[in-house]
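Peer 1: Sequence:
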Amino acid sequence: MDLRTNSFKRAIQAGQKQIGFWNSMASPTATEILAGSGFDWLLLDAEHAPNDVPGILAQLQAMMENTTHPVVRIPDNDPIVIKRYLDIGVQSFLVPMMETVEEAKAAVAATRFPPDGIRGFAGASRASRFGRVKDYHRRAHEEICILVQIETRKGLDNLEAIAAVPGIDGLFIGPGDLSSDLGYLGDQGNPEIVDLIEKTIGRIVAAGSRAGILTADETLARRYMAAGCVYTAVGIDTGLLARTTEAIARKFRD
Numbered sequence: 178m179d180l181r182t183n184s185f186k187r188a189i190q191a192g193q194k195q196i197g198f199w200n201s202m203a204s205p206t207a208t209e210i211l212a213g214s215g216f217d218w219l220l221l222d223a224e225h226a227p228n229d230v231p232g233i234l235a236q237l238q239a240m241m242e243n244t245t246h247p248v249v250r251i252p253d254n255d256p257i258v259i260k261r262y263l264d265i266g267v268q269s270f271l272v273p274m275m276e277t278v279e280e281a282k283a284a285v286a287a288t289r290f291p292p293d294g295i296r297g298f299a300g301a302s303r304a305s306r307f308g309r310v311k312d313y314h315r316r317a318h319e320e321i322c323i324l325v326q327i328e329t330r331k332g333l334d335n336l337e338a339i340a341a342v343p344g345i346d347g348l349f350i351g352p353g354d355l356s357s358d359l360g361y362l363g364d365q366g367n368p369e370i371v372d373l374i375e376k377t378i379g380r381i382v383a384a385g386s387r388a389g390i391l392t393a394d395e396t397l398a399r400r401y402m403a404a405g406c407v408y409t410a411v412g413i414d415t416g417l418l419a420r421t422t423e424a425i426a427r428k429f430r431d
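Start counting the sequence shown at 178; every next residue gets the next number (our numbering).
Since the hints were made in silico from the structure, they are not lab data.
Take these hints with a grain of salt, some might be off.
[As the list claims (entries may be wrong)] Simulated restraints, written as ranges between beta carbons of each label pair:
1) K428 / D255: 39 to 49 Å
2) E279 / T244: 34 to 44 Å
3) R427 / R303: 42 to 52 Å
4) V258 / G363: 36 to 46 Å
5) K331 / D431: 22 to 32 Å
6) E242 / D431: 21 to 31 Å
[Said to hold, decoys possible] In the BS3-like style, the derived pairs of lysine-lysine whose C-alpha atoms are separated by at most 30 Å in a straight line are:
7) K331 / K428
8) K331 / K282
9) K260 / K376
10) K260 / K282
A quick note: this is a predicted structure, and the numbers were derived from the prediction, not measured.
Think of the CB as a built atom: it goes at the ideal place given N, C-alpha and C, for glycine as much as any other residue.
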């Protein structure tokens with residue numbers, strides 16, 4: 178059995194725009210539905226959603242019949258956490274609150290076996306298809322994709338240095354935390370923030386990396402894609418469900 182190719186990593190490296198969707202419902206059923214909707218990638222959130230390792234595993238299994246690629250946002254840049262998600266077969270990671278080169282190097286090291294990193298050895302994990310993938314431990318890093326979130330002023334200050342760390346495949350702008358850290362709490366659409374985000378996308382591209390973002394605002398999503406975002410999440414499941422059901426309720430009450 179061969180090592181599974183990371184189609185998402187290959188696509189963003191080639192500059193092919195990847196449209197994604199945010200999944201926060203922590204439900205294999207919801208994940209299965211979203212995975213069949215035609216998006217290139219689906220974010221499984223273990224930072225702000227009530228997900229854990231067994232829950233993410235169930236959602237990965239729910240996605241197996243589709244070509245939509247799972248990207249898992251881990252709760253913290255912790256090598257033990259990363260190891261557990263690697264072992265259940267996660268190939269693409271979104272690491273939150275990245276601020277320094279040292280943190281970026283640590284994230285990469287957590288996904289590499291010695292001597293290139295510190296990932297612990299497991300002989301028959303799901304990642305290696307229970308020991309059936311030839312040369313898994315020698316080649317696993319080839320298909321690992323590490324995206325890091327730039328969400329603070331400090332992260333902005335160190336952006337180019339973070340982008341230059343070998344093994345970092347892309348920088349993802351977190352508009353909610355970034356706008357909050359800069360004094361615009363809850364105002365992601367403020368013209369000052371939008372202008373800053375567009376400039377930040379330009380910096381990421383100029384640094385030779387791949388830019389990504391999440392926004393449910395179609396106008397902003399298209400602006401950010403035009404500015405150079407390669408992987409863009411264009412909606413959130415919980416928000417979509419809430420707003421859509423509210424609209425239905427209002428329609429019948431009226």
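Peer 1: Would you list, in rising numerical order, the hints stated earlier that this structure does not obey?
Peer 2: 4, 5, 6, 7 and 9
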